[in-house]
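**Q** Sequence:
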Amino acid sequence: MVETVIALVSLLLGAALGAALMVARGAGIRAELADARARLSAAGEREAQAAAELARQQERIAAEQELLRDQFRAFTADAARTLAETQERRLAAERTTQHAEAQRREETMRRLVDPMARALDEVRRSTTDADKARTESEARLTAQVRALMDASEKVGRETAGLKAALRRPEVRGRWGELHLRRVVEVAGLVHHVDFVEQATDTDEEGRRLRPDMLVHLAGGRTVVVDAKTPFDAILDLEDQDVDRDETLDRHVDAVRKRVLELKGKAYTSQVDSRLEFVVLFMPAESFLQLALERDPRLQEWAWDHGVVIATPTILVALLRTIAHAWRETALAENAQQVLSTGRELYERLTTMGGHLARLGKQIDSASKAYNDTIGAFERRVLPSARRMGTLQQLDSEFAAGPIDTEIREITAADVPVEAEAEALGRG
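Per full-length UniProt numbering, the very first residue in the sequence shown carries number 1; after that it's consecutive.
Check before you lean on any hint, since a few could be wrong.
[As the list claims (entries may be wrong)] Derived Cβ-Cβ restraints for the label pairs, each shown as a range:
(1) A100 <-> E136: 49 to 55 angstroms
(2) R104 <-> D70: 28 to 34 angstroms
(3) T350 <-> A325: 34 to 40 angstroms
(4) A42 <-> L68: 43 to 49 angstroms
It is worth saying that the hints were derived from the structure and are not from the lab. Remember, predicted model here, so these are calculated numbers, not experimental data. All residues carry an ideal CB built from backbone N, CA and C; glycine is no exception.
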């Protein structure tokens, strides 16, 4: 609008200048000026109309803007309300979902935690019971340890007493005899059948011979067992102030001395020159082990002197071998008896076969005589008897007839009795 005013002013100035010029030019110019004024007036009116129209447009635009602002405020309020409602629904759904998820997780955790809680309770109870049992066990263990200590002291005293007693020859010999008897029982030998204890005799020089045991072998042989093993040096090993090597050397020397004593005894006269060998019995495995520790060739040396050094393990194996030999001998004797009985049975069957053969021949002769008699009877007597029956009107008929069965002969054996017996023996 300012521009319009400026244009109008410029136009007026131009018109004034033109008018001034036009004065000089004359009336035409004044006419033109009047015309210009008329056009200017029309332009002013148009400008006023344009200004009014512009004002109306501005009012309309302002009204439309206010309407738009109202509509925007209303739309914004609706959108906010809708958004709030949507958000509320979403939040409610999420809260429901979260609540369900929380319940599910709580249930899952409960399923996981409950067994653990029960296990913890069980562990707690077990721990309590274990503590109680441990307390009781400790009390029992304390009592047992105390009893063990008392027993150990008692065993120590008894061991000392046993050690002192075993140094006496008669006690040591009796102890060895008891162990020997136990080994024989384990081996399964029978007293007074497979072995004899304490068999007393004298040799040619009048010396008393009393081996601890005589074991009978198959074939009439005999094994002498002596249980009087020297082990004084072994008892000395428990002392702290003894030399181990020197003590073991004394033990080996004592064993060698006992082997030579057994070799020198005249057991041959006692067992009628059927002595197989002599056994030196050591009641404990360690007695021989300690001796072999110092002299590894001790057993070989003793065997060269006709003596076998045997521990319980070795003697059990030896006696079981002897028992097995006795069983084999018994089987052989039974086989011999079976062979003898078979030979006798074969001889008797052969004799009986001869009797049966003669009886068969006699039966065959009697059968032939019977058949001859029946034939003569049928040819000579029966026709007359039938005529007599016809005359007397008798219905009975004589039913006797010949015998057709042949007597079976016994086939004699081709093998002689002696050969058959030998075959039975080999079988």
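**Q** Next step is simple, just say for each hint if it's right about the structure.
**A** Structure-based check of each hint:
no. : hint                              : result
1   : A100 <-> E136: 49 to 55 angstroms : 52 angstroms, holds
2   : R104 <-> D70: 28 to 34 angstroms  : 50 angstroms, violated
3   : T350 <-> A325: 34 to 40 angstroms : 37 angstroms, holds
4   : A42 <-> L68: 43 to 49 angstroms   : 37 angstroms, violated
Going through the hint list in order, the structure does not satisfy hints 2 and 4.
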